[in-house]
Structure formats: structure tokens, C-alpha cells
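Asker: Sequence:
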Amino acid sequence: MRMYMPEDPIKSLRILVVEDQQQTRVWIADVLKQMGVREVLTANDGAEALDVLHRDLDGVDIVICDWAMPRMNGMDLLAAVRSLRPNLPFIMETGHGTKDHVLAARAQGVDAFIVKPYSAAQLEVRIRTLVKNGRPK
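full-length UniProt numbering puts the sequence shown at residues 1 to 137.
Simulated from the structure, these hints should not be mistaken for laboratory data.
Owing to the predicted nature of the structure, the values given are computational and were not obtained by experimental measurement.
Glycine included, every Cβ here is placed at the ideal spot set by N, Cα and C.
Some clues are possibly wrong.
Dumping the calculated PhoX-like pairs for lysine-lysine here, alpha-carbon to alpha-carbon at most 25 Å [claimed, not checked]:
| no. | residue 1 | residue 2 |
| --- | --- | --- |
| 1 | K11 | K132 |
| 2 | K99 | K116 |
| 3 | K132 | K116 |
Across the chosen pairs, the derived CB separations fall in these ranges [stated by the list, open to error]:
| no. | residue 1 | residue 2 | range |
| --- | --- | --- | --- |
| 4 | T98 | A121 | 22 to 28 Å |
| 5 | T98 | K132 | 25 to 31 Å |
| 6 | R71 | D8 | 32 to 38 Å |
| 7 | T98 | D56 | 32 to 38 Å |
| 8 | G95 | A47 | 19 to 25 Å |
| 9 | V115 | L57 | 24 to 30 Å |
| 10 | S83 | P117 | 19 to 25 Å |
| 11 | G109 | A47 | 18 to 24 Å |
| 12 | R14 | V125 | 28 to 34 Å |
| 13 | D58 | H96 | 17 to 23 Å |
| 14 | R82 | V125 | 29 to 35 Å |
| 15 | D51 | Q108 | 19 to 25 Å |
| 16 | E7 | A120 | 18 to 24 Å |
| 17 | P86 | D51 | 16 to 22 Å |
Produce the complete structure using the sequences and hints provided.
Answerer: As C-alpha cells, this is what we get:
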């Protein structure tokens with residue numbers, strides 16, 4: 001008798017990674033692929049990410065975004081995302097994890113916060129928590 005094992009929900013995700021540092025962007029994409037994420041989309045900054053989202057707004061399941069980027073930073077992208085699709089899960093990453101940064105991001109509607117440098121395991125925990133629990137209220 002075979003037991004039914006539900007498919008890992010990670011395998012159905014399309015995640016948009018927004019990061020201006022190419023090495024970090026590639027590392028995050030590799031981690032997500034190793035986790036089994038169905039598709040990883042990438043953008044160099046918030047403006048490029050908005051272009052991706054305008055082309056396929058409902059097709060992105062989670063955004064992982066750096067705070068400090070040229071042209072359009074993570075906070076500006078978060079504000080734009082909240083106006084376009086308020087319930088899209090958004091993970092903010094930063095090298096400056098001060099209390100003020102965390103409070104500002106939470107006030108803007110960020111769902112999870114991760115401070116660089118972080119491990120693949122830490123990123124996976126943030127993603128799995130969002131998938132399991134949905135956006136915090």
C-alpha cells in the first residue's frame with residue numbers, strides 16, 4: 001500500500017529576486033533552484049522588477065528584494081508592489097538590520113526581513129514560513 005505524500009509547495013513557486021549585486025543575485029537564484037523552486041526570475045533593481053511584474057503580475061508568488069539599490073530601492077519597490085498587488089509576499093534583505101530599518105519595512109508592509117550575510121537555510125525558513133502561514137495580518 002502506497003502512502004500519499006503531498007507535493008512540496010515550494011515546487012510550484014515562481015520567485016522574483018531583486019538584487020543589484022550580481023554575485024548575490026546568482027547565489028540566491030542557485031539556492032532557490034536547489035530548494036526546488038519551479039521558476040526564478042531576476043531583476044537588477046526595483047525599476048527592472050516593476051517591468052517584470054507589469055508583464056506577469058499574477059504569475060509571481062514571492063518577491064525577495066534588496067533594500068539598497070540604484071534607480072529604485074527596495075522600499076520604493078515594496079510601496080509599488082503593495083499598490084499593485086497588496087497580498088504578494090515580500091521578503092526584504094539588507095546589510096543594515098537596524099531596528100529603524102525593520103520598523104520602517106514592517107510599516108510599509110514587508111512580510112519577512114533577512115539580514116545579510118545569511119545562509120541558504122535561513123532563506124529557506126523565511127520562504128517556507130510564508131508559504132505555510134501566508135502573509136502576516
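Asker: The structure should be examined with respect to each hint, and the outcome stated for every one.
Answerer: These are the hints, each one checked on the structure:
At most 25 Å may separate the alpha-carbon atoms for a hinted pair to count; K11 and K132 meet this at roughly 13 Å. The hinted pair formed by K99 and K116 meets the criterion: a straight-line CA distance of about 15 Å does not exceed 25 Å. Between K132 and K116, the direct Cα distance comes to roughly 24 Å. Compliance with the 25 Å bound is thereby established for this hinted pair. Under the hint 22 to 28 Å, the C-beta atoms of T98 and A121, about 23 Å apart, fit the expected range.
Look at T98 against K132: about 28 Å separates their beta carbons, and that is inside 25 to 31 Å. The given range of 32 to 38 Å is respected by R71 and D8, whose C-beta atoms sit roughly 35 Å from each other. Checking the proposed 32 to 38 Å range against T98 and D56 shows it holds: the Cβ atoms sit about 34 Å from each other. Range check, G95 to A47: Cβ separation about 21 Å, and the 19 to 25 Å hint holds.
The hint said 24 to 30 Å for the Cβ distance between V115 and L57, and at roughly 28 Å that hint holds. Checked against the given bound of 19 to 25 Å, the beta carbons of S83 and P117, roughly 31 Å apart, lie outside it. Distance hint check for G109 and A47: the Cβ-Cβ separation is about 20 Å, which falls inside the suggested range of 18 to 24 Å. Between R14 and V125 the CB atoms are about 20 Å apart, so this pair departs from the stated range of 28 to 34 Å.
Range check, D58 to H96: about 32 Å between beta-carbon atoms, so the 17 to 23 Å window is missed. Range check, R82 to V125: about 24 Å between beta-carbon atoms, so the 29 to 35 Å window is missed. For the pair D51 and Q108, the beta carbons lie near 21 Å from each other, so the given range of 19 to 25 Å is met. Judged by the Cβ atoms, the range 18 to 24 Å given for E7 and A120 holds: they are separated by roughly 21 Å.
At roughly 20 Å, the beta carbons of P86 and D51 sit within the given window of 16 to 22 Å.
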